[in-house]
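S.K.: Here's the letter readout for the chains.
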Amino acid sequence: MKDMNLQDIVGEYREYTLTYYDGTSRKIFVTEIEAPYPDGKLIVSTTDTEGVITHANQAFVDLSGYTREELIGQPHYILRHPDMPRVAFKDMWETIQAGKTWRGYVKNLRKDGGYYLVYATIMPNFRDGEIIGYTSVRRKPSRRKMEAALAEYARLRAEEEAA
Amino acid sequence: MTYQMAISPDFPPQQIAGWYIFNTWLQNQLGVGIHLELYPDFPSQREAILNDKVDLVYANPYDAAMLIREKGFQVLARPQGKRDEAIIATHANAPFETVEDLQPGIRLAATIDPAVYLLGMMMLEPAELDESNVQVKRVESYPVAAKLLLQGEAEIAFFLKEAYEELSGLTRQQLKVLVDSQIGDLFHAFLVGPRLASQADAIREALLGMSASPKGRGVLETLGFPGWESVTLDDAEFMINLVEALK
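Quick mapping for you: the protein sequence lines, in order, are chains A and B. The opening residue of the first sequence carries number 926 in this note's numbering; numbering runs sequentially from there. The opening residue of the second sequence carries number 1417 in this note's numbering; numbering runs sequentially from there.
Among the clues, some could well be false.
Straight-line Cα separation of at most 30 Å, DSSO-like style, residue types lysine-lysine; simulated pairs [as the list claims (entries may be wrong)]:
#1 A:Lys1070 to B:Lys1469
#2 B:Lys1631 to B:Lys1663
#3 B:Lys1663 to B:Lys1498
#4 A:Lys1070 to B:Lys1577
#5 B:Lys1592 to A:Lys1070
Since the hints were made in silico from the structure, they are not lab data.
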C-alpha cells in the first residue's frame, strides 16, 4: 500500500511507519484533529475474507476523507490508527474468522491525518455455511465508553511497545 | 391460479386504495390473477411469509432479508429516490436537545416495525441506552406514538421518517426531532417469490416502465412515489448484511 501523501495532511503531524499483519509497511502522518461523528449516520462497508474493501457507503467516504474509488480494493487497515493496539485487531480477526460477531470501540485514521471514533460491529457473511466476507457497521459511540476504551488501548500499546 | 401479494404493513393508511389500484394495474400487465392481502401487522405478515402464502411482496428491509436469504425471493425494483430512515422525536417542550441528554429509565413509544426499532435503538447507543434501561411502550401505529408524546406518557418515540412527515402539521408543531438517521442504504423493495419466478423479468419490466405511461403515473401518484428504479442483488445483499449486523 502506498504511503500517506503529505499533501493530504491538514495540521501539525507526527510520522509513523506501520507494519500490518500481512507484512506490508506504510508511512503514515497523524494529527490530533478529531472529525466529530455526525448524529444518525452509519458507516457501512463490506470486505472479502482477506479484509479487502468491496463496498463502502457514503458515510464511510465522508468520514474517512477518501473517495469511494480510493477505498474499494484496499485493505481495511488503510484506516488503522497507530493508537490502536495490535491485540485489538487480533481479537477482532480471531472472533470473526470463528464465525462470530465482534463489537468494539475503534479509533480510525482519516486520509487527512485526523481521526474519528466509532463503535463498530463486524460480522461474517455466510453463503452455504462458508464465510464469504465481512460486514462492518460503525456508529457514534458513547463518549464515556469510548474514553474508557482509549485509555485501555493506550495501556495495551505501551505494553506492546515495551515487549 | 391466483397468486398472493402482500404489502409491508408500515405503509401510510392513505395509500391503502393505491395498493389495490396497483394490484389491478399489475394483473392487467401480467394477465394473471393476484389477490392482495393487507396484513394488519408485522407478525401476521411474517407468519404468512413463513408459511409460503406470499408470492409478491413490497417488503421492508427487515423482511426483505429473510425473503431473499431464506425464501428464495428475487428483488425486482425499489421506489425511486426513497430510502428508509428513522427519527427519534420528543415533545417540543421537552428538556432534551440531543440524544446524549436522555437518561436511563426514559419511556419510549415504539411500533413493532422491526427495521425502525433496530435503527432507533442504534441511535440511542451514544446515550448508553438500550432495552435494559429504557421502558418500551409498544404502540400499534405512529400516530399513537405521537399521541403518547403529546400526552406526556412517553418522553421519546421512534418513527419511520416517512410516517413522521405524514403526521398532521399541528402534531409536528408540538414535537421536535432529536436525531434522524442518514443512512441511505436501507429501502423497501418489490420482491417476487419462487412460484412466480418465471414472470420475474416481465414484472420487473412492467414496474420499471410504469412511469412512462399516463395510467402508470396515475397509479404511482396514489402510492406516493414517482416511479420504480432497478435494484441489483448486490444492493440488496449490502442492505441485508447491514440489517443482519444491526440485529
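S.K.: Next step is simple, just say for each hint if it's right about the structure.
M.R.: Structure-based check of each hint:
no.	hint	verdict
1	A:Lys1070 to B:Lys1469	46 Å, violated
2	B:Lys1631 to B:Lys1663	40 Å, violated
3	B:Lys1663 to B:Lys1498	23 Å, holds
4	A:Lys1070 to B:Lys1577	29 Å, holds
5	B:Lys1592 to A:Lys1070	27 Å, holds
Hints 1 and 2, counting from the list given before, are not met by this structure.
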